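Novice: Counted from 1, the sequence shown has number 117 at position 117 by full-length UniProt numbering; the numbering is strictly sequential.
Honestly, the hints are just simulated from the structure, not real lab data. Mixed in with the good hints, there may be bad ones.
[What the hints assert, rightly or not] Heads up, simulated DSS-like pairs for lysine-lysine below, C-alpha to C-alpha not over 27 Å straight-line: (1) Lys145 / Lys40; (2) Lys48 / Lys116; (3) Lys145 / Lys48; (4) Lys65 / Lys103; (5) Lys116 / Lys103; (6) Lys116 / Lys144; (7) Lys40 / Lys144.
[Claimed, not checked] For each label pair, taking beta carbons as the anchor points, the in silico distance ranges come out as: (8) Glu142 / Gly78: 17 to 25 Å; (9) Ala83 / Pro20: 17 to 25 Å; (10) Lys144 / Ile46: 28 to 36 Å; (11) Pro163 / Arg53: 19 to 27 Å; (12) Arg50 / Gly113: 15 to 23 Å; (13) Asp36 / Lys7: 18 to 26 Å; (14) Glu9 / Glu142: 34 to 42 Å; (15) Glu142 / Gln80: 22 to 30 Å; (16) Ser12 / Val81: 13 to 21 Å; (17) Arg30 / Gly141: 37 to 45 Å; (18) Asp155 / Thr67: 35 to 43 Å; (19) Pro15 / Ser51: 17 to 25 Å; (20) Lys144 / Val81: 18 to 26 Å.
It should be emphasised that the depicted structure is a prediction, and the values quoted were computed from it without experimental measurement. The beta-carbon is built from N, C-alpha and C at its ideal position, and this holds for glycine as well.
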Amino acid sequence: MIQVECKYEIVSPFPEECLPLMWQWINEFREQMVDDFTPKTFEEMIEKERSDREAGGRFYTIVQKGTVVGFVWGEHVGDQVYAGHLVFDRDALRPAEKLEAAKLALNRFFSEGARKIRWMAFTDNRAYRIFLRRLGATFEGELKKETRRQGELCDVVLFASFPTEVTPT
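All chains, please: the whole structure from these sequences, using the hints.
Specialist: Pasting the structure below:
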């Protein structure tokens, strides 16, 4: 029998003491990742996280050797479909490691009953779109003038992850 040592621990739900770290990382990527309707203050983010949790959202913290390195979470949309989000410490992991850790979190997501995780990316966020494809997500379409970023209407692309498409790295 071959045993594989897992490099990451997936903790659910988020420990509240980790939320300031999550907020910091979200703000590092704010221009590329979030629209004008994302919480603008830490207090708004905490309120949204609590509201999402009460509505059935799922929240996973990725820990490596005792250090938090990332977060994967989803807002419950209905019928076990979630609007997916993720953020990692910019410097803690190489891209392949972020992919591996995200897949572990998604496998946990699916093992707890999710049937689909949908992802939304700005059309100009090439790095995130590539990451989602490498994660195994399926392109589902493009929405024109879907949301606002810095007051301007912008297009987004939609991807979806399904249990059968998330494979080990």
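Novice: Each hint should be assessed against the structure and marked as holding or not.
Specialist: Now for the hints, and whether the structure bears them out:
At most 27 Å may separate the alpha-carbon atoms for a hinted pair to count; Lys145 and Lys40 meet this at roughly 21 Å. For a cut-off of 27 Å, the pair hint linking Lys48 to Lys116 stands: about 21 Å separates their Cα positions. Annotation: proposed proximity of Lys145 to Lys48 holds, straight-line Cα distance about 24 Å (limit 27 Å). Between Lys65 and Lys103 the alpha-carbon distance is near 18 Å, which keeps this suggested pair within the 27 Å criterion.
For the given pair, Lys116 sits about 14 Å from Lys103 by alpha-carbon distance, which is consistent with the 27 Å threshold. At roughly 23 Å between alpha-carbon atoms, Lys116 and Lys144 fall within 27 Å of each other, so this suggested pair holds. For a cut-off of 27 Å, the pair hint linking Lys40 to Lys144 stands: about 24 Å separates their Cα positions. Range check, Glu142 to Gly78: Cβ separation about 23 Å, and the 17 to 25 Å hint holds.
The hinted window of 17 to 25 Å between Ala83 and Pro20 holds, with their beta carbons roughly 23 Å apart. Against the hinted window of 28 to 36 Å, the Cβ-Cβ separation of Lys144 and Ile46 comes to about 33 Å, which satisfies the hint. At roughly 22 Å, the beta-carbon separation of Pro163 and Arg53 lies within the given 19 to 27 Å, and the hint holds. Distance hint for Arg50 and Gly113: a CB-CB separation of about 21 Å, consistent with the stated range 15 to 23 Å.
Between Asp36 and Lys7 the beta carbon distance is about 37 Å. The supplied range of 18 to 26 Å is therefore violated. A C-beta distance of roughly 36 Å is found between Glu9 and Glu142, which places it inside the suggested range of 34 to 42 Å. Here the CB-CB span from Glu142 to Gln80 is close to 25 Å, well matched to the stated 22 to 30 Å. The given range of 13 to 21 Å is respected by Ser12 and Val81, whose C-beta atoms sit roughly 18 Å from each other.
Roughly 25 Å separates the CB atoms of Arg30 and Gly141, a value that falls outside the hinted 37 to 45 Å. Distance hint check: the CB atoms of Asp155 and Thr67 are about 37 Å apart, consistent with the given range 35 to 43 Å. Separation of Pro15 from Ser51 is about 18 Å and conforms to the stated range, judged on CB atoms against 17 to 25 Å. Between Lys144 and Val81 the CB atoms are about 22 Å apart, so this pair conforms to the stated range of 18 to 26 Å.
Hint compliance for this structure: hints 13, 17 are not met, and every other hint is.
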